[in-house]
Amino acid sequence: MTAEVDRSEAASSGSRFPIPAEPGVAEATSVPVVDAPPETQPVSWRHRHLLDVDALTRPELELVMGTTDAMREVLARPIPKVPALRGTNVTILFYEASTRTRVSFEVAAKNLSADVVNIAAASSSVSKGESLVDTVRTIEALGADMLVMRHPVSGSPYLAAEIFGGAVLNGGDGWHAHPSQALLDLYTLRSRLPGGSLDGRKVVILGDSLHSRVARSNIWTLTAMGADLWICGPSTLLRGFEGWAARGAAGRRFTVTSDVDAALRDADVVMALRIQKGRMASGLLPSLREYAARYGLTQERLRNANPDVVVMHPGPMNEGVEIAADVAVDPRSVITEQVTNGVAVRMALLYLLAGARAGEKQERGA
Amino acid sequence: MTAEVDRSEAASSGSRFPIPAEPGVAEATSVPVVDAPPETQPVSWRHRHLLDVDALTRPELELVMGTTDAMREVLARPIPKVPALRGTNVTILFYEASTRTRVSFEVAAKNLSADVVNIAAASSSVSKGESLVDTVRTIEALGADMLVMRHPVSGSPYLAAEIFGGAVLNGGDGWHAHPSQALLDLYTLRSRLPGGSLDGRKVVILGDSLHSRVARSNIWTLTAMGADLWICGPSTLLRGFEGWAARGAAGRRFTVTSDVDAALRDADVVMALRIQKGRMASGLLPSLREYAARYGLTQERLRNANPDVVVMHPGPMNEGVEIAADVAVDPRSVITEQVTNGVAVRMALLYLLAGARAGEKQERGA
Amino acid sequence: MTAEVDRSEAASSGSRFPIPAEPGVAEATSVPVVDAPPETQPVSWRHRHLLDVDALTRPELELVMGTTDAMREVLARPIPKVPALRGTNVTILFYEASTRTRVSFEVAAKNLSADVVNIAAASSSVSKGESLVDTVRTIEALGADMLVMRHPVSGSPYLAAEIFGGAVLNGGDGWHAHPSQALLDLYTLRSRLPGGSLDGRKVVILGDSLHSRVARSNIWTLTAMGADLWICGPSTLLRGFEGWAARGAAGRRFTVTSDVDAALRDADVVMALRIQKGRMASGLLPSLREYAARYGLTQERLRNANPDVVVMHPGPMNEGVEIAADVAVDPRSVITEQVTNGVAVRMALLYLLAGARAGEKQERGA
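Protein chains in written order, with our numbering: chain A, 62 to 427; chain B, 62 to 427; chain C, 62 to 427.
Hints may be right or wrong, so weigh each one.
A pair counts as met if it fits within one copy or between any two copies, since identical chains are not told apart.
As a list, the in silico SDA-like pairs of lysine to any residue whose alpha-carbon atoms are at most 25 Å apart [claimed, not checked]:
#1 Lys263 <-> Thr359
#2 Lys142 <-> Ala417
#3 Lys338 <-> Val194
#4 Lys142 <-> Val177
#5 Lys338 <-> Thr397
#6 Lys338 <-> Leu193
#7 Lys142 <-> Pro392
#8 Lys338 <-> Ser192
#9 Lys142 <-> Asp206
#10 Lys338 <-> Val214
#11 Lys263 <-> Leu220
#12 Lys338 <-> Glu157
#13 Lys338 <-> Pro213
No lab work stands behind these hints: they were computed from the structure.
Here the structure is a predicted model, which is why all the values come from computation and not from measurement.
Let's have the full structure, built from the sequences with the hints guiding it.
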């Protein structure tokens with residue numbers, strides 16, 4: 062949580078890749094290079110794991126974005142496959158139900174020609190009570206080079222990363238972080254906003270931020286890119302965010318409010334969050350009907366926003382609760398694009414982490 | 062449900078492929094052509110989806126049969142694989158438990174070198190209550206080119222087909238339809254009956270037709286091929302079929318009866334249907350023991366039939382209920398052949414639908 | 062259970078592969094040969110199935126070990142894949158939850174370029190009550206060449222083998238057998254013990270042997286290799302083993318005791334078994350705490366053993382119950398190695414069985 066962001070450099074550059082000194086970037090973004098194994102890539106990625114986005118500097122975020130551009134070009138081919146990760150075992154260990162994140166990583170890994178092993182916690186020995194530490198050791202011993210994991214306990218991927226010899230990618234841990242989601246959101250916004258820049262743009266995260274790993278990871282990336290970020294929802298679902306905003310951790314500032322009209326006024330982007338129906342029992346939330354009436358993203362509320370407002374949702378949606386059905390399919394909604402960009406972003410992440418790992422191996426060998 | 066069947070043409074032709082004017086058929090049935098990607102195939106298939114068999118004309122049924130012949134030849138090779146669907150993402154979304162249909166589509170897709178993604182509803186975000194529409198949109202955005210789905214609600218694949226940009230294959234919807242099962246049944250019958258013709262053959266579907274998508278889809282294909290079709294079972298499990306038979310929808314006629322002896326007399330084919338044990342609770346069915354005594358397919362009952370009668374069952378069987386164990390393994394039983402032919406038929410369907418899709422794309426591009 | 066072991070021949074040979082007369086062995090253990098399809102291999106393996114290890118002679122055990130050496134070399138390559146099983150369908154049918162065995166077979170099969178189909182009983186038509194016989198027939202008809210199965214009923218793979226036309230590999234059946242586990246344990250021990258020999262070595266299996274298929278299969282392999290085997294645990298969990306030991310079935314003798322100190326004294330190897338928490342209800346076991354106090358493998362108890370004692374556990378572990386956490390990660394523990402060797406052993410087994418099957422086919426064809 063100590064990432065230093067040099068905003069001046071990025072702000073002064075009009076280019077989409079303001080890191081000319083890094084020789085790897087231009088090459089990583091050209092398509093033919095992606096076909097070569099990552100061992101031969103001079104990429105400047107230095108992280109072994111992807112646990113959260115708080116550790117990523119702005120140049121690193123740009124590198125992910127540029128690599129994702131290259132992966133989008135791969136996806137546009139008649140056969141959207143490259144041999145970059147051939148022979149690499151990517152194990153996907155999910156302790157929570159998921160379609161889009163699990164399948165997105167699976168498709169991304171297969172597009173890079175990796176071998177994919179799926180482990181769903183409910184049908185595995187995990188249900189016999191084996192500790193996470195032992196499970197991770199076992200998965201490594203079974204041949205996994207990269208481990209994508211989702212776990213209900215915040216911080217568990219950090220524990221896994223201490224043990225696992227390869228790369229750990231956090232596919233969502235408790236309320237804490239969902240880094241690949243924040244990166245695909247960032248990529249989607251940049252491709253939609255004029256000039257591709259978030260600088261000074263008003264971005265609203267609307268809903269249950271308290272229980273949302275999506276909100277927490279997006280706070281890091283959106284503030285790193287210079288957005289004017291607003292977190293909005295019922296006050297019971299914003300606990301702790303005011304303090305965070307006030308501290309301005311690592312120079313990142315944002316506004317916290319329960320006033321949905323103030324938040325949406327002239328907003329450039331609105332990201333509605335999923336309301337977990339189970340939250341009702343906790344007493345933190347009124348009825349779903351009342352939530353929809355007071356905070357649901359409707360066409361009426363959107364009239365307050367910038368006419369070209371970008372509407373986002375991480376999915377799966379409760380239509381008619383946090384987002385109206387006609388808003389979800391509005392031309393200004395990029396919800397489906399988020400899913401498609403998710404595959405490209407995850408291809409980029411797997412690719413960059415595999416390259417970092419290969420570099421590390423070489424250093425050890427030298 | 063408006064398929065016009067020109068029986069005169071088909072009846073006048075003694076050949077197994079009575080569509081000489083269609084240039085694609087002969088080539089589609091020769092093995093080498095299957096090795097080429099479907100983009101280069103001049104196939105005459107014009108359907109984008111496979112939702113039910115009611116929309117298939119007799120020449121189209123012949124095309125499926127001929128393509129299945131080619132796929133049988135592929136399956137007989139030492140390495141039963143062709144590159145036809147390389148780079149194609151086939152997503153299998155099943156909301157109900159299944160072994161044979163799910164695995165059959167998976168093996169078929171892999172034999173054509175497609176990439177397969179499995180989504181079981183119980184372990185997906187579907188269990189979080191996401192709507193089918195959103196799930197289908199998400200699956201397409203994740204890169205699926207073809208969607209094989211099973212769903213407990215009749216008609217849901219039609220809804221999916223309205224949204225999905227690629228091809229939807231119905232793997233069974235409620236009591237409504239199971240088109241690939243009817244086509245594999247047809248293929249199996251043609252390979253077993255002398256001359257490969259169903260014309261005038263007495264075919265009996267025996268059991269719980271009321272709750273059976275297998276029965277409903279078979280009614281379309283068997284009548285289209287000119288069979289003398291009998292639907293037999295307890296009257297409570299035949300509700301609605303008498304009216305359907307009397308209307309003779311789209312020129313298709315069949316006989317409905319509860320008299321099992323009359324039905325089996327001189328039968329050329331008997332297809333026993335699975336009795337769902339859960340049906341007891343509905344009061345529509347007596348005890349399993351009584352059902353077995355009155356309608357179970359036993360050796361004794363089969364003596365009534367043609368000595369060369371063909372015995373079928375879509376599986377999974379309740380042996381000793383709708384079919385006696387010794388009948389299931391009788392030399393006249395083709396139950397295992399049905400399963401094997403299922404893989405070949407599904408290869409043919411995936412292949413034909415991929416070709417139709419490629420043609421559609423080309424037209425759009427032109 | 063009639064395997065004849067010629068100990069004199071093996072004992073007189075100092076080499077790790079004391080079967081010079083078998084032309085296949087040397088070649089099977091050299092890496093390049095593994096790259097060729099098994100059809101061209103002159104291997105001497107004559108078993109069609111792997112149901113238990115009791116049927117394996119000492120030369121056959123040596124052949125598995127030698128082939129595993131070759132597979133370890135494959136696993137050490139940058140891309141750990143060989144085309145040996147290309148076009149072979151390996152279906153993995155598990156009626157019990159499992160991570161390590163299921164994934165180990167899946168990775169092993171994929172490393173040999175096989176096509177893998179996973180069927181979990183809970184989500185398949187097996188849950189509709191289909192008989193095992195029908196399920197196996199269906200899986201074969203769907204194209205499976207090799208069937209890896211785990212089932213809660215002892216002996217069920219033998220039933221499957223009577224029906225299935227390809228090779229059946231037992232991945233664990235009830236309390237009866239877990240042959241691939243015993244073989245990976247054997248391989249791990251040989252690579253750790255000086256000289257690679259078990260002859261006269263004191264090996265202790267500690268825990269709940271009564272309910273353990275791992276114990277039963279290890280008894281066969283360890284006695285076949287000449288180990289001085291001790292089975293130790295609470296007397297309620299050793300029922301039947303004294304009689305077995307006294308009979309010395311097939312010339313195999315071992316010691317049964319509840320005296321943990323006597324068992325561990327000067328032990329060369331200790332294999333702790335998993336305590337199933339469900340066993341408490343049966344009244345056979347005191348509380349977990351009492352079990353841990355009286356039979357748990359602790360550093361203190363290990364002081365009794367040979368200073369270079371090898372510590373094993375088949376996993377998943379209940380740390381703090383049958384094994385202390387610090388013992389599990391002790392340098393003398395080979396628990397993680399067991400998992401890695403498991404992939405190599407299963408590659409060897411799939412490879413040998415595929416070769417036997419190809420030979421059988423050729424004979425039929427000739």
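Evaluation of the provided hints:
For a Cα distance limit of 25 Å, the shortest separation of Lys263 from Thr359 inside one copy, 18 Å, qualifies, whereas the shortest one across copies, 60 Å, does not. When the C-alpha separation of Lys142 and Ala417 is checked against a cutoff of 25 Å, the pair qualifies both within a copy, at 21 Å, and between copies, at 23 Å. Taking the shortest alpha-carbon separations for Lys338 and Val194, only the inter-copy value of 20 Å comes in at or below 25 Å, while the best intra-copy value is 31 Å. In the homo-oligomer, the alpha carbons of Lys142 and Val177 lie at most 25 Å apart both inside one protomer (14 Å) and across protomers (14 Å), since each shortest distance falls under that limit.
In this assembly of identical chains, the alpha carbons of Lys338 and Thr397 lie at most 25 Å apart only when taken from the same copy (23 Å versus 41 Å across copies). For the homomeric pair Lys338 and Leu193, the shortest alpha-carbon distance between copies (18 Å) is at most 25 Å, but the shortest distance inside one copy (28 Å) is not. Neither within a single protomer nor between protomers do Lys142 and Pro392 lie at most 25 Å apart by alpha-carbon distance, with minima of 30 Å and 43 Å respectively. Proximity of Lys338 to Ser192 under the C-alpha cut-off of 25 Å is restricted to the inter-copy arrangement: shortest distance 15 Å between copies versus 29 Å within a copy.
For the homomeric pair Lys142 and Asp206, the shortest alpha-carbon distances inside one copy (20 Å) and between copies (14 Å) are both at most 25 Å. For the identical chains of this complex, Lys338 and Val214 are neighbours both inside a copy (19 Å) and across copies (24 Å), given an alpha-carbon limit of 25 Å. Taking the shortest alpha-carbon separations for Lys263 and Leu220, neither the intra-copy value of 36 Å nor the inter-copy value of 37 Å comes in at or below 25 Å. For the homomeric pair Lys338 and Glu157, the shortest alpha-carbon distances inside one copy (16 Å) and between copies (24 Å) are both at most 25 Å.
Taking CA atoms no more than 25 Å apart as the test, Lys338 paired with Pro213 passes in both settings, with 16 Å inside one copy and 24 Å between copies.
Checked against the numbered hints listed earlier, the structure breaks hints 7 and 11; every other hint is satisfied.
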